[in-house]
Amino acid sequence: MPVDYRDAAARHFEDANHLHSMGRWANADHLFGLSAECALKAVMLALGMRMNPKKPDKPEARYAVHIDKLWMQFPAFASGRQAAKYAALMEPQSNPFQSWDVNQRYHHRSEITRERADQHKDGAEKARAVLKMAELDGVII
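Those letters in the sequence shown? Residues 697 to 837, by our numbering.
Don't read these hints as lab results, they were simulated from the structure.
Every residue gets a Cβ at the ideal spot worked out from N, C-alpha and C, and that includes glycine.
Errors might be hidden in some of the hints.
With beta-carbon atoms standing in for the labels, derived distance ranges [claimed, not checked]:
#, residue 1, residue 2, range
1, M747, V798, 14 to 22 Å
2, A757, L832, 24 to 32 Å
3, E811, A772, 27 to 35 Å
4, G776, S717, 36 to 44 Å
5, Q789, K828, 19 to 27 Å
6, E807, S775, 34 to 42 Å
7, S806, L832, 34 to 42 Å
8, G719, A772, 31 to 39 Å
9, R777, K750, 22 to 30 Å
10, A784, K750, 30 to 38 Å
11, T809, D703, 26 to 34 Å
Using the sequences and the accompanying hints, generate a full structural model.
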């Protein structure tokens, strides 16, 4: 199936918000991270990120990472393509996903608090703002 980071970002965010409103912090938190990752990768793809030729549903190796690492890589990627204004929306000096890990899906739900989910929701909203700006600029059609 073809990659659609933009739709995946929206879908994960919508589901995360629904779970968040029900107090399901663990799964909401996980999906906020995936949503932010997909939003940034949608922008990166539009700005020229290459996909892995052997695995066309994955980005090239250095960007085949999750949001905890991608958040810190995005500013350099965007700046190198005259798109630093996108990274400026993220407050790149602080990574709200530093405590997020894709492997938390295996952890007990009690380990994810509302505060943690709220922090990652805020980060996902910033990544969505980057995506929205790229859409408004015509970078993503």
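Evaluate the given range 26 to 34 Å for the C-beta pair formed by T809 and D703. 29 Å, holds
Look at the Cβ atoms of E811 and A772 and judge whether their distance stays inside 27 to 35 Å. Given a distance of about 29 Å, which is inside 27 to 35 Å, the answer is holds.
Range agreement (Cβ of V798 with Cβ of M747, hint 14 to 22 Å): About 20 Å separates the Cβ atoms of M747 and V798, which means 14 to 22 Å holds.
Is 34 to 42 Å respected by the C-beta to C-beta distance linking S806 and L832? 40 Å, holds
Go ahead and decide if the range 31 to 39 Å is satisfied by the Cβ distance of G719 to A772. Given about 37 Å between the Cβ atoms, the range holds.
CB of G776 to CB of S717, is that within 36 to 44 Å? 39 Å, holds
C-beta pair Q789, K828: status relative to the range 19 to 27 Å that was hinted: About 22 Å separates the Cβ atoms of Q789 and K828, which means 19 to 27 Å holds.
Range hint compliance [Cβ, E807 to S775, 34 to 42 Å]: Check passed, 35 Å falls within 34 to 42 Å.
Go ahead and decide if the range 24 to 32 Å is satisfied by the Cβ distance of A757 to L832. The hinted range 24 to 32 Å holds for A757 and L832, with Cβ atoms some 31 Å apart.
Supplied distance hint 30 to 38 Å, evaluated on CB atoms of A784 and K750: 34 Å, holds
Could you say whether the range 22 to 30 Å given as a hint is met by the Cβ separation of R777 and K750? 24 Å, holds
The structure meets every hint from the earlier list without exception.
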